[in-house]
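Counting in UniProt numbering, the sequence shown runs from 1 upward without gaps.
For the record, the hints were derived by calculation from the structure and aren't laboratory data.
Small disclaimer: the values here were computed from a predicted structure and weren't measured.
Careful: at least some of the hints might be erroneous.
[Claimed, not checked] List of simulated lysine to aspartate or glutamate pairs, EDC-like, C-alpha gap at most 20 angstroms:
(1) Lys61 - Asp102
(2) Lys61 - Glu39
(3) Lys92 - Glu59
(4) Lys92 - Asp102
(5) Lys123 - Asp111
(6) Lys92 - Glu64
(7) Lys71 - Glu44
(8) Lys71 - Asp81
(9) Lys92 - Glu65
(10) Lys93 - Glu64
(11) Lys71 - Asp102
(12) Lys93 - Glu59
(13) Lys61 - Glu44
(14) Lys71 - Glu85
(15) Lys93 - Glu65
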Amino acid sequence: MLTDPPLVAGGPTLKELGGENPNDGHNVDFTVRYRLGRENSTWEYARTSQAQLLINLPEFKHGEELFVQVKAEQNGEIADDWGQELIVTLNKKVSIGGVLIDDDELVPPLDFTTHILGPSSVKLEWRPHEGVPPGRVELIK
Numbered sequence: 001m002l003t004d005p006p007l008v009a010g011g012p013t014l015k016e017l018g019g020e021n022p023n024d025g026h027n028v029d030f031t032v033r034y035r036l037g038r039e040n041s042t043w044e045y046a047r048t049s050q051a052q053l054l055i056n057l058p059e060f061k062h063g064e065e066l067f068v069q070v071k072a073e074q075n076g077e078i079a080d081d082w083g084q085e086l087i088v089t090l091n092k093k094v095s096i097g098g099v100l101i102d103d104d105e106l107v108p109p110l111d112f113t114t115h116i117l118g119p120s121s122v123k124l125e126w127r128p129h130e131g132v133p134p135g136r137v138e139l140i141k
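Please take these sequences and the hints and turn them into a complete structure.
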């Protein structure tokens, strides 16, 4: 939870805009705009009167960048306009057996059943690891 750092570079702190709890009667609202990727020119917007905000990013790739800006309003007036753009590099991992692996890294089946079909052929059967994105295909030669 934010307590005293500036909300945006060179701007007022949360305490200056209404204390540690923005809902303590000072009517501080924050507008957060964000976009996923440099090529995306469309900003998504979210408003809150809390010192933190969770945003849902249903689709993103490992290593993709999220651009975020914050604007503060107090009693309906802009207290601090859009601040500097914060750039966050997203790190997407999959947990397999407690081990974190990049989601684009191929992992061989670790738990499989072998059926001997003949002296020179076998059939392997397995279920995808828990946490592996659906639709992922692994080819084994």
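- Task: Give me the numbers of the hints this structure contradicts, sorted from smallest to largest.
- Result: Violated hint (a single one): 11; every other hint is consistent with the structure.
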